[in-house]
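**Q** Chains as they are written, first to last, in my numbering: chain A, 19 to 302; chain B, 19 to 302; chain C, 19 to 302; chain D, 19 to 302.
Identical chains share a label here; the pair holds if one copy fits it or two copies do between them.
No more than 27 Å apart at the CA atoms, straight line, and that leaves these computed lysine-lysine pairs for DSS-like:
#	residue 1	residue 2
1	K174	K295
2	K114	K263
3	K106	K263
4	K297	K225
It should be emphasised that the hints constitute simulated quantities derived from the structure, not laboratory data.
Since the structure is predicted, the reported quantities are computational estimates derived from the model, not experimental observations.
Number of protein chains: 4
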Amino acid sequence: MKNYLRIVVSCQNDVHIGSVIGGFIADYHGDILEENHYVDRDNRTVYLRWVISIDVTLISYAGFLFNFESFSKCHDFQWLMVDASQKKRIAVLVSKTSHCLLDIITRQEEGELNADIACIVSNHDDLRLLVESHGLPFHHIPVARNNVTEANRVIKDLLVDYDVETVVLARYMQIIPEVLCQFYHGNIINIHHSLLPAFVGKSPYQKAFDRGVKLIGATCHYVTSELDAGPIIHQDVSRINHTFKPQDLVRVGKDIEKKVLLRGLMYHLEDRIVTRKNKTVILK
Amino acid sequence: MKNYLRIVVSCQNDVHIGSVIGGFIADYHGDILEENHYVDRDNRTVYLRWVISIDVTLISYAGFLFNFESFSKCHDFQWLMVDASQKKRIAVLVSKTSHCLLDIITRQEEGELNADIACIVSNHDDLRLLVESHGLPFHHIPVARNNVTEANRVIKDLLVDYDVETVVLARYMQIIPEVLCQFYHGNIINIHHSLLPAFVGKSPYQKAFDRGVKLIGATCHYVTSELDAGPIIHQDVSRINHTFKPQDLVRVGKDIEKKVLLRGLMYHLEDRIVTRKNKTVILK
Amino acid sequence: MKNYLRIVVSCQNDVHIGSVIGGFIADYHGDILEENHYVDRDNRTVYLRWVISIDVTLISYAGFLFNFESFSKCHDFQWLMVDASQKKRIAVLVSKTSHCLLDIITRQEEGELNADIACIVSNHDDLRLLVESHGLPFHHIPVARNNVTEANRVIKDLLVDYDVETVVLARYMQIIPEVLCQFYHGNIINIHHSLLPAFVGKSPYQKAFDRGVKLIGATCHYVTSELDAGPIIHQDVSRINHTFKPQDLVRVGKDIEKKVLLRGLMYHLEDRIVTRKNKTVILK
Amino acid sequence: MKNYLRIVVSCQNDVHIGSVIGGFIADYHGDILEENHYVDRDNRTVYLRWVISIDVTLISYAGFLFNFESFSKCHDFQWLMVDASQKKRIAVLVSKTSHCLLDIITRQEEGELNADIACIVSNHDDLRLLVESHGLPFHHIPVARNNVTEANRVIKDLLVDYDVETVVLARYMQIIPEVLCQFYHGNIINIHHSLLPAFVGKSPYQKAFDRGVKLIGATCHYVTSELDAGPIIHQDVSRINHTFKPQDLVRVGKDIEKKVLLRGLMYHLEDRIVTRKNKTVILK
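Let's have the full structure, built from the sequences with the hints guiding it.
**A** Below you can see the structure in the form of structure tokens.
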């Protein structure tokens, strides 16, 4: 029997750390399924990711983790070890539009998404039927001008109650409060319906239409307290022309949005992303 | 023997103008080689473009033009008629980088570009050898802080002397003065090395690197007096990732820039572009 | 009150037919919403498409149709007139995989697909639950070696009973018999999971894997009696690399397949496609 | 002072070889500039590539090579070590079309191509002027039905005389004989103007036109004795439609061809490609 795990490492000033950790893995007869290295010369930093399996008759997951922790103390690197057999628990926050949410649910049902959907939270009740028809819990938490703080507290409690690890904003049209950004730091993923940094904020398709651009895009990024300014994970575009009215941009954009969000979310779920300052390294 | 000509029309509030003009063309036994229509419902405007040939034994180009002008007075539309056998005369303005210029020259030599290159003007002398080796006139007009107005006057005189119709800014790193924008209104094409409206102004690749975007792009647009804000003609992108340093963006960007500029320039040379407010309709 | 209709015309040897028909439309005060022309010089053929509205207080749809038919007899062109307010009735034929079918159903529910789904037919019973949960009729018609003719007769009767106009093969893994190809000539659309003409027939992803290609694709085409050889409507590709195993090609391919099928189907539903010999002209 | 070198390794049945070799590099205080790993589970093979620098005051290139060779004998892996400061010498074989050749020459002049162009060989004399204007040697070796063997012998002798390592077929319209395929095994790169395996052999654009495809492509591959059947390195496509005549496919195709050939050639020049059976692993 095997334990599968992911190890993600970043390390400054020691380009040989990869072979050192590789040696540690070899010592425990770990089998290497994936291995990704990136050497950032300018910042003197290496980024490493392994997917390995270890034989439980040789060492337990806990034992390997314990020993790796000890081993790491003799070296100077940041690391993360994840039990690859445990799916991450995600919550999806939505408003009224269903396309991104439905894509996530369908992929999850078809086994393409390595995650458990813990719950759906919305500031509107519109998507309740859709969500519940897939057997998922739906929570309607209205957010009005006079209850923002309270509503966000309720949302946070919900996420904690559901043991949520990753929060996906699938066209959720509310600002995420600083306190939630902090609490789920590096684990809130948003899809913005423009090619950031163009068209930050509201109504990007209308702005794109008004400017007469010939490509529209979408951006998947981590959420930070500054609006639409977090580390970018993935982006893609679709060609448009003068015949496209704002409603056509919305329609075409839906397909890019779900595609870009899905890709970004999958990178996150597979622990392929390391953020450094306001940027992402994606190990694939 | 045939005369080839292009007719480009825009018309408000009369969707049937196309068949009326089509009837006019038929009356003169014009042969239709290309025909493009676009009906903009929201603005109640139709855009039309024909490439036709007329038999010179039946009517001369001048005669046809004269009659079309009379005919147009009975109707209410904007129009442009171009002798398709006459290549447009272009001037290319450059600074130090050669990739866009060289692409234009090579395409022209290979017969892919329907234009005559009248001259190359630069604020630096670096590309003289390259230009002259292709048998083209090169003019070095230095632009310094204290001679901007005078330099731009010299440039304008040059363009006029060379009978230039279309000015191509192929990575020309100077502001085009208002007076030149006016004089060549709708006939100055620029390539900007970002996906506008993102990264307006200087050093877009460095800004793209700093923001950590996952796609870089280029924009071909008409020049107006507001910097990087004119009507967009064409845009394209290239995928990048965390391994790309600023110099890699510059290198990858060069290929997008020349591709986007060429495409936009060809639309212009073939009279496919109609501008309306700050946007372009491209009839193809 | 308005009647909306589409007129699609192809005509040989008369480039001015467009303005003649345009004049006819103008005579009835038809309002032009869309107009597309393509002049194929080499084959001396013009292809035309209009979307127009006519005022029912001036003339009924039937009246306009009758008069157009009379008018057409004085000229020599092929034509098709379609009541644009009537959605086409489609049947979707599937086997075991659901992704293309589910995409079609979802788009239809979201109002993106201008069609009514009459029924789903499958040679397997696997997708019954999915189909019926969307309130659509599902028919399981097993096809075995010894009942092919009978099964196909049953399928044809079903399609006729449901008044089906367009048959969509959404990964239906059976040969369509000659008789059905004839009966629904020009109205059966297939998605093939390769970039035709590469990898005709079975297991294209395995063949693509074995050949070591760097792009995989999908092709939407009209079905003719020759396997995977009908007129191509739309194609697209996705980049792969050496890390992709056959099952990865299947997974990535699913997204291209549904995208390409949808696009091709929409062209068909909007009467944008004219076939000539074994090729398509797509008026957009 | 530094020596820069590339190490490319493939190894069966030992997933830990990466850290072992990494340890060897660390022992010599090698600085790691790039590191790429790919674990092919199905074939139990790992592919590894490093770009490293070593301090010449610690060990010479020859010394490091000698020691690595000894070290490799204690393990079971294939390897290649290349002095990264030495540019590969390439010969370009062409017929009459210049676009791929000119792109290679221009890139080389601009410092984008990590190679020295040793000579240009052609079966026609058409491109002599172009080649010689760039100061490069041009050899016209006519190939006629009755002198094929002799002509190819002359070509081989030329390539050997020029000390050529990599042969680039930049639209060279002759079959490469078995003997040359063998001699330069894994070092002859061809650009084929279709998306292989579609349209093998002559006139792929005409075939693509006749079939009515909606995408055309190009394929860069290693040459083997079977025509157009060698390991594929890179492919790309461009969208076309019904308005494209065969000559348009040729024109549009030129841009894809040079882009695809350049990318494939650069992978080769940077020693990123490992072939296994008839496929390529590209370490980037």
